[in-house]
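Listed below are the residues making up each chain.
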Amino acid sequence: MIELKNKDQLDIVFKTYYKALVNYAGNYSIDLDEREDIVQDIFVYLWKQKMEFPNHTALKAYLYTTVRNKCLNVIKHNKVKKDFEISQNIDTEDDNLFQKQVLEEEITRQLYQIINTLKGRKREIILLSLKGMKGPEIAKKLKIEAQTVRAIKAQAYKIIKEKIKDLGYFLNLLITYK
Amino acid sequence: MNDIFLLSKIFIKKRLNLLTKEDKRLLSNLKKEYSFYKSLKTKTLLKRTKNYSLIDSNAAWQKVSEKIDQKPTILAFIPRKNWVMYAAASITILFIASLFVFQQVDFNQTPQVSTSQPVIPKGSSKAVLILNNGEEVILNPEAGYTSANSTSNGEDIVYTAGGAKDNEPTKFNTLAVPRGGQFHIKLSDGSEVWLNSDSKIKYPVQFSKDKTREVELLYGEAYLAVSPSEENNGNGFHVKTNQQTVQVLGTEFNIKAYREEPVIATTLVEGKINLNLAGDTFLLAPSEQLSFNKTTKETQLNTINVYDAISWKKGVFSFKGDELKHIMTIISRWYDVDVVFENKELENIRFTGAFSKEQNLEQLLQIIKETNFINAYEIKERQITIK
Numbered sequence: 001m002i003e004l005k006n007k008d009q010l011d012i013v014f015k016t017y018y019k020a021l022v023n024y025a026g027n028y029s030i031d032l033d034e035r036e037d038i039v040q041d042i043f044v045y046l047w048k049q050k051m052e053f054p055n056h057t058a059l060k061a062y063l064y065t066t067v068r069n070k071c072l073n074v075i076k077h078n079k080v081k082k083d084f085e086i087s088q089n090i091d092t093e094d095d096n097l098f099q100k101q102v103l104e105e106e107i108t109r110q111l112y113q114i115i116n117t118l119k120g121r122k123r124e125i126i127l128l129s130l131k132g133m134k135g136p137e138i139a140k141k142l143k144i145e146a147q148t149v150r151a152i153k154a155q156a157y158k159i160i161k162e163k164i165k166d167l168g169y170f171l172n173l174l175i176t177y178k
Numbered sequence: 001m002n003d004i005f006l007l008s009k010i011f012i013k014k015r016l017n018l019l020t021k022e023d024k025r026l027l028s029n030l031k032k033e034y035s036f037y038k039s040l041k042t043k044t045l046l047k048r049t050k051n052y053s054l055i056d057s058n059a060a061w062q063k064v065s066e067k068i069d070q071k072p073t074i075l076a077f078i079p080r081k082n083w084v085m086y087a088a089a090s091i092t093i094l095f096i097a098s099l100f101v102f103q104q105v106d107f108n109q110t111p112q113v114s115t116s117q118p119v120i121p122k123g124s125s126k127a128v129l130i131l132n133n134g135e136e137v138i139l140n141p142e143a144g145y146t147s148a149n150s151t152s153n154g155e156d157i158v159y160t161a162g163g164a165k166d167n168e169p170t171k172f173n174t175l176a177v178p179r180g181g182q183f184h185i186k187l188s189d190g191s192e193v194w195l196n197s198d199s200k201i202k203y204p205v206q207f208s209k210d211k212t213r214e215v216e217l218l219y220g221e222a223y224l225a226v227s228p229s230e231e232n233n234g235n236g237f238h239v240k241t242n243q244q245t246v247q248v249l250g251t252e253f254n255i256k257a258y259r260e261e262p263v264i265a266t267t268l269v270e271g272k273i274n275l276n277l278a279g280d281t282f283l284l285a286p287s288e289q290l291s292f293n294k295t296t297k298e299t300q301l302n303t304i305n306v307y308d309a310i311s312w313k314k315g316v317f318s319f320k321g322d323e324l325k326h327i328m329t330i331i332s333r334w335y336d337v338d339v340v341f342e343n344k345e346l347e348n349i350r351f352t353g354a355f356s357k358e359q360n361l362e363q364l365l366q367i368i369k370e371t372n373f374i375n376a377y378e379i380k381e382r383q384i385t386i387k
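In order, the protein sequences belong to chains C and U. For the first sequence, the tail end lands on 178 under UniProt numbering, and the numbers increase by one without skipping. For the second sequence, the tail end lands on 387 under UniProt numbering, and the numbers increase by one without skipping.
No lab work stands behind these hints: they were computed from the structure. Note that the Cβ used here is the ideal one computed from N, Cα and C, for glycine as well. Worth double-checking, as some hints may not be accurate.
Claimed, not checked - EDC-like, lysine to aspartate or glutamate: derived pairs with alpha carbons at most 16 Å apart:
#	chain 1	residue 1	chain 2	residue 2
1	C	7	U	66
2	C	7	U	69
3	C	50	U	69
4	U	47	C	124
5	U	63	C	33
6	U	380	U	342
7	C	100	U	33
8	U	314	U	155
9	U	67	C	37
10	U	67	C	41
11	C	15	U	56
12	C	100	U	3
13	C	48	U	370
14	U	67	C	11
15	U	13	C	162
16	U	63	C	8
17	U	186	U	252
18	U	313	U	192
19	U	63	C	34
Stated by the list, open to error - Stretch-level coverage of chain U by chain C, calculated; a stretch enters the list once three of its residues show a Cβ under 8 Å from a Cβ in chain C:
#	region
20	7-17
21	41-53
22	57-64
The shape of chain C in the complex, shown without the other chains (with noise of 0.2 Å):
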């Protein structure tokens, strides 16, 4: 059960999920700081309201859907007050690219995660390794002996495992799914 009662709580989670849910609501053309402020309303609410929920899973969709739900509406509001067209039709827009949108977004806040909890070669390599690159490939463009990248690569590999058993432990974030 997630209490969003206590402020350190709603802190961890904030700074888990702000980034991601500002660069979600970036698919509705909304500018920057309208979904700056869409994204904290939301969070006030939630601390008024004392949410609580029974996993993160529960959590996360309710963060998604509600920061949708919030665009949708000011698209809607924007375009009767300007009156003009808007690209996307609101009212058929279907579920597969909401589903869509948001795993890419999860995907793209997971990886910044990652990426952040490396430095130096290590975060170098990896980046390389993500994208696609072998071993040999990367020890060439590095122009380091094959080994040393396998050996740094061993390294980062367990912060990484480090990183996604302590998620897990506080936000289930990438062992648990149901």
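With the hints as your guide, set chain U onto chain C.
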């Protein structure tokens, strides 16, 4: 939505060569269902992470933190009893469940509701017991009842164990639960019946020793946990409902047979039941639901998520992609209100999620409104208008 989050994790694990066998199996299944997975490009996604650097979450947290530390200008109402509430929403076809729990709600958050209105109370335990001689007894937590063979504390009624005497004609009791009510019965054979709002059931005060046990759900919704035949001289148990009879051998199931609904739905939770319907017999396995359309006489057997069908008994109403009209019907029974849709199109919006029966009506409507699919609601007397 779970699948989407799961896919995102698998995507990352795959890039890091951390996939387990289980992950691989899941991935091949999920890939088929979510065809867009294939179109994802790691490079594009890595580029997207650059946007994150433009967003300052620390500064944002400062702002949020200041806002939540502000004292509310008007005092909130006294917190109500804890209540669970799941709710969720999405557009038209949706399967995004957001499940959350409130403990306290600031009434100042509900601008659409005039607080001068008296609060519509949630449903509670109440029923009218109709005795064999036609006499009516009102049961509620303030009004219990005791007779030679039954006791009620106003929340449930328990019949004394033991069979009827051979030479005596069977006596019947009928229990009617009004809108806004619920009730629990323990029959003389130990079988238990949970009755939902607006439901009525007739049963013998004591079952005959050598006859099939038989009860009749006159209308409404009942969850039955039937005491096994082995403990009742091998006597089976029948539940008659208007056009169908359920034959039971000791099991748990739910029958929903509201007068105003076109369909009778029988859901088996565990055990086995035989369902006789207009000459046909259906054998139900656990998690199966048989729907019978009273008008067209069509039957349909589906495997369903049992929880949604029986959660009402556990104090929760849960829905999976149900139309708002249907959800509002259930709400109208529990809170004993009428519901009017000003815009008929809203009737067909589908929702997934659940709410606690402990929660008050305004909070619930506010949650539905928060999804932005309805613009407003209005409560006047006992009528809700959805706009």
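Status of each hint after checking the structure:
1. For the hint linking residue 7 of chain C to residue 66 of chain U, the alpha-carbon distance of about 12 Å falls within 16 Å, and the restraint holds.
2. For the given pair, residue 7 of chain C sits about 10 Å from residue 69 of chain U by alpha-carbon distance, which is consistent with the 16 Å threshold.
3. Restraint check for residue 50 of chain C and residue 69 of chain U: satisfied, since their Cα atoms lie roughly 13 Å apart, inside the 16 Å limit.
4. With a C-alpha separation of about 15 Å, the suggested pair residue 47 of chain U and residue 124 of chain C falls inside the 16 Å cut-off, and the hint holds.
5. With a C-alpha separation of about 13 Å, the suggested pairing of residue 63 of chain U with residue 33 of chain C holds against the 16 Å cut-off.
6. A threshold of 16 Å between alpha carbons decides the hint, and for residue 380 of chain U with residue 342 of chain U the separation of about 14 Å falls inside it, so the pair holds.
7. Using a Cα cut-off of 16 Å, the hinted pair residue 100 of chain C and residue 33 of chain U holds, with the two alpha carbons roughly 12 Å apart.
8. Restraint check: the Cα-Cα separation between residue 314 of chain U and residue 155 of chain U comes to about 15 Å, which is no more than 16 Å; the hinted pair holds.
9. The straight-line distance between the Cα atoms of residue 67 of chain U and residue 37 of chain C is roughly 12 Å, inside the 16 Å bound, and the hint therefore holds.
10. For a cut-off of 16 Å, the pair hint linking residue 67 of chain U to residue 41 of chain C stands: about 9 Å separates their Cα positions.
11. Simply put, residue 15 of chain C and residue 56 of chain U have alpha-carbon atoms about 10 Å apart, close enough for the 16 Å limit, and the pair holds.
12. For a cut-off of 16 Å, the pair hint linking residue 100 of chain C to residue 3 of chain U stands: about 11 Å separates their Cα positions.
13. Between residue 48 of chain C and residue 370 of chain U the CA atoms are separated by roughly 14 Å; this keeps the pair inside 16 Å, and the hint holds.
14. Of the supplied pair hints, the one linking residue 67 of chain U and residue 11 of chain C holds, its CA atoms being roughly 13 Å apart against a limit of 16 Å.
15. Between residue 13 of chain U and residue 162 of chain C, the direct Cα distance comes to roughly 13 Å. Compliance with the 16 Å bound is thereby established for this hinted pair.
16. For the hint pairing residue 63 of chain U with residue 8 of chain C, the CA-to-CA distance comes to about 15 Å; that is within 16 Å, so the pair holds.
17. Taking the CA atoms of residue 186 of chain U and residue 252 of chain U, the gap is near 14 Å; set against the 16 Å cutoff, the hint holds.
18. Simply put, residue 313 of chain U and residue 192 of chain U have alpha-carbon atoms about 12 Å apart, close enough for the 16 Å limit, and the pair holds.
19. In summary, the hint linking residue 63 of chain U to residue 34 of chain C is supported, as the alpha carbons are separated by about 14 Å, within the 16 Å threshold.
20. Here the region 7-17 of chain U counts 8 residues with a CB under 8 Å from a CB of chain C, which clears the bar of 3, and the coverage holds.
21. With a cut-off of 8 Å between beta carbons, the region 41-53 of chain U has 8 residues touching chain C; three or more are needed, and the interface restraint holds.
22. Counting residues of the region 57-64 of chain U whose beta carbon lies closer than 8 Å to any beta carbon of chain C gives 5, which reaches the threshold of three, so the coverage claim holds.
Checked against the numbered hints listed earlier, the structure breaks none of them; every hint is satisfied.
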